[in-house]
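Novice: Read off the chains here:
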Amino acid sequence: MLNHKKKYLVSLSLILAVGFLGIFVFGVKQAEAGILDFFVDFSFEAIAWLFAKIGAIIHSIFAVFFSIAGLLLDMAFGLEKFTEAGIVQMGWVIVRDLVNMFFVLILLAIALATILRVESYGIKALLPKLIIIAVLINFSLVIAGAIIDFSQVLTHFFYDEIRGNTGVSAQLAKVANIQKVWELNDEAAIPEKVAGGVSGIMMIIFSIIFGIILILAATLAIGAGAFFLIVRLIMLWILLILAPLAWFLWILPDTSKFFSQWWSSFLKWTFFAPIYAFFVYLAIKAADSGSFNSIIQAETENIINASGWKQTLGSSLAASPQLFLQFILVIGILMGGLIAAQKMGVYGAQGMISTARKAGKGTGNIIGRRARSATTRQLTGEGRVGRVNKNLDKAAAWMMGQRGTKTAGRLTRQVGKIPRTLIEKERAGIAKIEKDKYKDWTSDNIRSSFSAADASTKIALGRILASRGDLKPDEKLGFSEQDIQKTLILAKRYNQQGDMLKARPDLAPIIKKPDQTDQQAIEEQISKIKPADLDKLQVEAIEITGVQEAIKKQLTDETGKWRNNHLSKMAETNPNLTVEIRQKIIKPNAGGFRDDIETFIASDAGKAIYGGQGRQKAL
Amino acid sequence: MPTPLEIKKLEGILDPLVKQRYLKYFQLPQDLRRIIFTTETAGKIEAAAKKSQLDKNQLWQTSYTTGMILLGEINIVDFVKTLQEECQLDEASARRLARDINQAVFLPVKQSLKEIHQIPEWPREDESAEPITPESVIPTVPKPNEPRIEGNIVDLKQE
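Chains as they are written, first to last, in our numbering: chain A, 1301 to 1919; chain B, 172 to 330.
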């Protein structure tokens, strides 16, 4: 019995299999009439119906996602509690109070930097910033809130136009013709599609896939917008809470970049909303406009008239070509708008920050120039502040362990490491000024702009003039000998005095070591001069008797470091100095030079140029 | 032409003769400019003077005259005559001194000197630095016990 039943079942399965094979392999038209016709019609309709139903279910599932994205977008546009949010109110107060404590630390850092003469952390550089920020920190929430309010006004300008009664997402769905996706699964159209044979079923499958893509793209476009608007809210909350700290970090040169980063981030997220709202507005208005529809109509005809291998796809799209094009254009504008809002936010923020900086510099320069020249005078030892500085010097000497205990010495050595890096930075800054701005300036231009320059720039200018052998005063241009001396003192703080002393060794006593006499300071400097430096050594220095004696010592003493190639290089690169030295030091009746120098003087062919007849007579 | 920087270097020189000579120096060909002030040139002059057993004054005058020739202020054809007059040497000594300086100092820069002195041929160009002696003419024959050296190879078979 069981075997018989099995045989029947196998036979029926085979008949059905062959029937379906006939349908799919040999085509509908090869199926014969009669019972097979019934099976074929039934199978086709059933499959088409099944596909349409599955398609409708899938589309409905994706439609739920689309609805959620739409709801989120409407909700995100409605999120407007920024500075009033409880977390911001609470967090901002905590951070502000914390930062107020840090002001004490900053005052200590300024004191230490002033003692150690670290320009960029000194009192004149940081105190004005400290005062400004101490006041502004308390208004950081109000100022940031005003900027956010401004951006919200802009957002509402576009949002209120497009919202309507149903919300932005419904408007977008309407202009994108998203509801037409469901028309693709219309049951009434199934018999018509079935009549088309295999291509009819393919058309149903294409419609399903196509519909999924459309809903998914629309969901992503709207969802991404909603997502970024929610991220904006959270980011602005965090930025508002951290505002006091970020503003506080502006005070110190090393941390001021965080202040810029804060502003950049803040402006980017603040203005994301109005820019995105503008593009949503543009998408909706453009899709509704007549010109837009006429373009779509033209493109529709192109698709319908497509032939060849595209026929199947074309006929599938032809069911709803208007939906396809309108949809692409709306979603394209939305996605493009999202990217543009991100980019424009970043660039806009950078633009605003740089504009604000320039404006700040413009006004700051006027006040700063006066303040700097006044404070530089004070820092070089004049007036009351100068006296204070001298006392601070004494304190520094004690702190550096000269008079203190070993423990104090160890402690201060550790502290000393911090300013060392700061000094390195200041040095790099001086080198940059030399290289970037003033390198190609004429010496007269440099002299005339000297009085308006800040301390770092003055050092850089002094070094440039020294490298040209032009470190000499010009009262007409407002560049005095006193300016040169003050610059040398400033340069000494950053160990940048070398070039200036090579040009003007007569100034060495100004920055001599405590245990040196003036003459020892000059001699030390003269002995350091290499033949290649002699093109910079200025005649002004040779006027000083101490310098003449120091040079003579280098040529007469057995321990003297000047060799005959010093004289040779000097004659080649510094004619003026050569003539002066021949007249004042290697003069006709002078004697006692070392043998190597004496021999060179006698055998040097260069005397034909720089003269020396008088000495020959003496010999 | 001197560069503006070179002219600037002469600004403080009051002596017009020195100024004029430096200007001339700045217009010399580079090879001449390079050798005038060098310690090497001074050393060569000193060596030639030592060979001619000159005193300090004569050395001074010789180097001065050499410099004047390098500068183009004294013509090269008058070199022997000038040395003879300024150093108070007899003609043979002056000629020998001139030849030594010519070989050591002038010959390496003879093309530039020809240009500035405007002479087609270099005088005494073929003269050797060393006076020709019988030793310099007779080839040296190695002693029988010594290994024969041919090029870099030592002939040990002869040992």
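Misleading hints may appear alongside valid ones.
[Stated by the list, open to error] Computed beta-carbon distance windows for the label pairs:
| id | chain 1 | residue 1 | chain 2 | residue 2 | range |
| --- | --- | --- | --- | --- | --- |
| 1 | A | Gln1816 | B | Asp226 | 55 to 61 Å |
| 2 | A | Trp1741 | B | Trp293 | 44 to 50 Å |
| 3 | B | Gln201 | A | Glu1843 | 55 to 61 Å |
[What the hints assert, rightly or not] Straight-line Cα separation of at most 20 Å, SDA-like style, residue types lysine to any residue; simulated pairs:
| id | chain 1 | residue 1 | chain 2 | residue 2 |
| --- | --- | --- | --- | --- |
| 4 | A | Lys1381 | A | His1456 |
| 5 | A | Lys1887 | B | Lys179 |
| 6 | A | Lys1772 | B | Thr209 |
| 7 | A | Lys1772 | B | Asp261 |
| 8 | A | Lys1739 | B | Pro175 |
| 9 | A | Lys1353 | A | Leu1371 |
| 10 | A | Lys1861 | B | Pro175 |
| 11 | B | Lys179 | A | Arg1894 |
| 12 | A | Lys1429 | A | Ile1387 |
| 13 | B | Lys179 | A | Met1535 |
| 14 | B | Lys227 | A | Trp1741 |
| 15 | A | Lys1381 | A | Leu1427 |
| 16 | B | Lys222 | A | Asp1896 |
| 17 | A | Lys1772 | B | Lys222 |
| 18 | A | Lys1381 | A | Met1535 |
| 19 | A | Lys1732 | A | Ser1749 |
Derived by calculation from the structure, the hints in this document are not laboratory data.
Beta carbons: idealized from backbone N, C-alpha and C, even for Gly.
Novice: Each hint should be assessed against the structure and marked as holding or not.
Specialist: Hint check results:
1. Range check, Gln1816(A) to Asp226(B): Cβ separation about 44 Å, and the 55 to 61 Å hint is violated.
2. Roughly 48 Å separates the CB atoms of Trp1741(A) and Trp293(B), a value that falls within the hinted 44 to 50 Å.
3. Taking the beta carbon of each, Gln201(B) and Glu1843(A) are about 34 Å apart, not inside 55 to 61 Å as hinted.
4. Between Lys1381(A) and His1456(A) the CA atoms are separated by roughly 14 Å; this keeps the pair inside 20 Å, and the hint holds.
5. This hinted pair does not check out: Lys1887(A) and Lys179(B) have alpha carbons roughly 25 Å apart, beyond 20 Å.
6. Between Lys1772(A) and Thr209(B) the alpha-carbon distance is near 30 Å, which puts this suggested pair outside the 20 Å criterion.
7. Taking the CA atoms of Lys1772(A) and Asp261(B), the gap is near 53 Å; set against the 20 Å cutoff, the hint is violated.
8. Under the criterion of a C-alpha separation no larger than 20 Å, the hint pairing Lys1739(A) with Pro175(B) is consistent with the structure, at around 17 Å.
9. Note on Lys1353(A) and Leu1371(A): the hinted pairing is violated, with a Cα-Cα distance of about 27 Å set against a maximum of 20 Å.
10. Proximity of Lys1861(A) to Pro175(B) is assessed by CA-CA distance (about 33 Å); at most 20 Å being required, the pair is judged violated.
11. Only pairs whose Cα atoms come within 20 Å are accepted, and Lys179(B) paired with Arg1894(A) is rejected, the gap being roughly 33 Å.
12. A C-alpha spacing of about 29 Å is found between Lys1429(A) and Ile1387(A), which places the hinted pair above 20 Å, so the restraint is violated.
13. A hinted pair counts as satisfied when its Cα atoms are at most 20 Å apart, and Lys179(B) with Met1535(A) does not qualify at roughly 63 Å.
14. Between Lys227(B) and Trp1741(A) the CA atoms are separated by roughly 48 Å; this puts the pair beyond 20 Å, and the hint is violated.
15. Between Lys1381(A) and Leu1427(A), the direct Cα distance comes to roughly 36 Å. Violation of the 20 Å bound is thereby established for this hinted pair.
16. Taking the CA atoms of Lys222(B) and Asp1896(A), the gap is about 18 Å. The hint holds against a cut of 20 Å.
17. Of the supplied pair hints, the one linking Lys1772(A) and Lys222(B) is violated, its CA atoms being roughly 48 Å apart against a limit of 20 Å.
18. A distance of roughly 13 Å separates the Cα atoms of Lys1381(A) and Met1535(A); the hinted pair therefore holds under the 20 Å criterion.
19. With a CA separation close to 17 Å, the supplied pair Lys1732(A) and Ser1749(A) stays within the 20 Å bound.
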